[in-house]
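Okay, here's what each chain looks like letter by letter:
Protein chains: 2
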Amino acid sequence: MALIVQKYGGTSVADTEKIKNVARRVVATKEKGNDVVVVLSAMAGQTNHLIELAKEIQAAPDSRELDVLLSTGEQVTISLFSMAVKEMGLDAVSFLGFQVPIETDPIHGKARIIQIPPEKIRRELDKGKIVVVAGFQGITPSGSITTLGRGGSDTTAVALAVAMDADLCEIYTDVDGVYTTDPNICPKARKIDKICYEEMLEMASLGAKVLEIRSVEFAMRYGIPLHVRSSFSDSLGTMVVEEDESMENVMVSAVTYSRDEARITVSKVPDRPGIAAAIFSPISDANIVVDMIIQNTRAGDLTDMTFTVSRNDYQKAMEIVKRTAQEIGAASVAGDDTISKVSIVGVGMRNHAGVAGTMFNILARHGVNIHMISTSEIKVSCIIDEKFLELAVRALHEGFGLDAE
Amino acid sequence: MALIVQKYGGTSVADTEKIKNVARRVVATKEKGNDVVVVLSAMAGQTNHLIELAKEIQAAPDSRELDVLLSTGEQVTISLFSMAVKEMGLDAVSFLGFQVPIETDPIHGKARIIQIPPEKIRRELDKGKIVVVAGFQGITPSGSITTLGRGGSDTTAVALAVAMDADLCEIYTDVDGVYTTDPNICPKARKIDKICYEEMLEMASLGAKVLEIRSVEFAMRYGIPLHVRSSFSDSLGTMVVEEDESMENVMVSAVTYSRDEARITVSKVPDRPGIAAAIFSPISDANIVVDMIIQNTRAGDLTDMTFTVSRNDYQKAMEIVKRTAQEIGAASVAGDDTISKVSIVGVGMRNHAGVAGTMFNILARHGVNIHMISTSEIKVSCIIDEKFLELAVRALHEGFGLDAE
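Chains as they are written, first to last, in the numbering used here: chain A, 2 to 406; chain B, 2 to 406.
So here's chain A without its partners, still in its complex pose (with noise of 0.2 Å):
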C-alpha cells in the first residue's frame, strides 16, 4: 500500500463523462490497496472563458479578484468529482486551498506555496476517503485566495506530495509521455521512459509543455518521483527521476524549441559602467523577462547590445529601449520578431565533448543559419529563422540519433 497523489489536467476533466473516465482511474488505484489524493485543474477552456468575462469589465483585471474568479474554475470539477466517486460507491471529499489549507504568499497570480500542514487531508485518508483537492489556488495568511498561475495545478500536486510523503506524483495529462521532441514538427519523436530532473527542467525551460517549471524544481529538491501519463489509456508514461548512470550514456535526451521569439539590438552603446543597467533595468521594471544576452565590442569604447525576449513582450520592450538608447546615447535601435530558439537537452553532455560543434555542423548543413547562442552544462540553445525552425528541429532529431526505428 502506497500514498499517491494523482494530478489531472483540463482536457481530462473537459465535461462531465470525462471527469466520470477519470474518477474509475481513480477508484481503481484506491481499489488496489493505496491512499489517493486527487489534484484537479478547471475544465479545458474555463479559466480562459472567465478571463474573457473578467476583462470586458476591466482591460486589466485586479489581480485579487481575478483569483477569487478564476479559483471556481478548479472548485467547480473538484464537486463533480466527488460526487463522481460517491456515485461508484467510495467515499470522497473535497477540499479547496482554504480549506487543505494550501498556505502562499500573497502574489496574486502567481503565488507561491509556503507551507501545507498535512493534518486534515491525512486525517480524511485514515477514514478511506479519496481525497479531492482543488489545484492551482492557495490562501493567505489574511485569507484571500490566490493562484499559482499558468500549470499551477501541477505545482499543487507535487506540493502535496512533499506535504504528504506520498511514494509517487502522478501527472495525467492529454498525450502518453515527455517525448523528444514535438510529436507535431517531428513525427519521429519517441516518447521518453526515464528522463532525470535536471533535463526536464531544462526542457520546461525551453518550451516543453508538458510539465510546469516549479512543480519538477519542487519534485527534485524533495526526490518525489513524477510518472507523466496519460489519463486516456493504461500504458506506462514519462518518469521523471534522480539521475542515473545510464542516463550519461545518451548524450542528447530531446530537442525542444520556442517559437515566439523576438531579438533587439542596440548598436553602438558607450561602453561604459552601469550600461547593461541602464538598458536593462527598465525592461524588467515593465516584467519582460529577458532570456539570451550577447554583447559585442566594437572599436572606440561603443558597443552592441543584443538581447531576445517573449514576442508577446516585443512591441513594449522595443519602445522602452528606444527611450533608453536615447537617453544613454545609443546610435541606433533595431529588431526582428520572426525568430525562433532551438535548443538540445541532456545530462549525458557533461561527458561528451563536442556536442554543441555537433549541432551547429548539423544546422548548418542544412543551411539554417544561427544568429545567437547560449549553453548552459546540460543544452545547447541557438536562436534562427522562425521560418527555418521544423527543418531544424528534423534535423537535429534525426542528427543526434533520437528518430524512432
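Distance condition first, Cα-Cα at most 25 Å in a straight line; then the derived DSS-like pairs of lysine-lysine:
id	chain 1	residue 1	chain 2	residue 2
1	B	K130	A	K56
2	B	K21	A	K56
3	A	K56	B	K19
4	A	K21	B	K56
5	A	K130	B	K56
6	A	K19	A	K33
7	A	K388	A	K189
8	B	K130	B	K21
9	B	K56	A	K19
Rough simulated footprint, nothing fancy, chain B against chain A, three-plus residues with beta-carbon under 8 Å:
id	region
10	49–55
11	77–87
The set of hints was computed from the structure by calculation and includes no laboratory data. Just so you know, even glycine gets a beta-carbon here, dropped at the ideal spot from N, CA and C.
With chain A fixed as given, assemble chain B onto it according to the hints.
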C-alpha cells in the same frame, strides 16, 4: 450618512453589462456619503446550469459537494462586480462566505445562519471600501461550505443588515416592488408602497416569489426595514416595515396564488387515535410538505382525510399514501392534481368581520367552486379547480377594491 445593505438578484447581474449597471448604482449610493455592503446572487441561470451538471453525474447529488459546486456562482459575480467598482475609480473588496465568515449550521442545501461577526466588514468599510459579499453561502464551524437554499441571498442580505446594524436593507430585483397580485394574471394589479412584515410573510408563504420567507422573518425579528425595488429603474419600490395604524384600514392588501397544488383523499379511515400520525408521518419522512388538511367524520367510526401537497410531490405522496391505506384498512385513495390555491392577505382582517364570507361570495358569484378552506388571523386561502385560477384572482382583486383606477 447611513449604512445600507443592497442585495441584487440574478437577473440584475446576468451579464457583464448588467454588472456594470449595478456597479454604477452602488457607486452612486456610496458617493452620497453612505457605507455600502453589497450582496450578490449568481448570474441568472447559472445555479440551474450547475445543478444540471451535477445531475449528469449523480441523480441525487451529494449535498456537501453540491454546495461546493453551487457556491461558485456567487463567487463569479462578486469578483466581477468588485472589478467593475474599481474600474469606476472607487475601492471594493469581495468576501466569500468563509471570509466574512457567515457561520451556519451544517445542513447542506438549506443551512441556517448562526452568526456573522461584523468586524472584518466593518474594517473594510472604515477604509472607505465598498464591501461585496457572496449571497446564498456560508461556512460551518468545521470549515465546509454550505448554501442557504433558494432565495438564500435575500437571507444573507438581511442577516448582514442585522449583524452590521444597518439603517436599511434594499432588495433589488427585476420587478419594481411588491404587487397587490401577479400583474401577469391581473393587469390592474398595483404596486404596494408600504406593507408590514406579517403580510409580507404570509404573501411569501402563499406563493408570492419576490422575497424569500426567512429573510422577512429575520427582518421582522430585528426590525430592519426592507425596500424591495427594481435594479432597472430609479423609482421607489415597496417598503416592508412594522405594522402601523393606517394599515388596519385596508381590509385586504393582496391576492396571492399557488398554481401547482394537488389533493389526496383517503376514504373511510377507521377513526381511532394515532390514525393521522400513521398517514402523515411516512409523508413527512419523505420530505414532502403537507399544506392543508381536512378531516370529515362519517357514520360508524369512519372518517375521510383530505390534504394538499405541492404538485411536484403528488406521485410520490400517492404511492406512500396507498401503502399506508392498505396497512390501516382504509377503503380507498383518490387524488386530483389539477387544483390551485388562491388567497387573500391583510392585517386589516383582524378588525373587519366577514372578510372570509365576502371572499366566498365573490367566488360563488363567478361560479368558482371551493374544495377546501384554510384561514389564519390575516389570510384566507381557498383550494379551487386550476382552470378557475386566473378568474378567481381577478375577481377577488376587483371585489376587494384593489384594482388600479
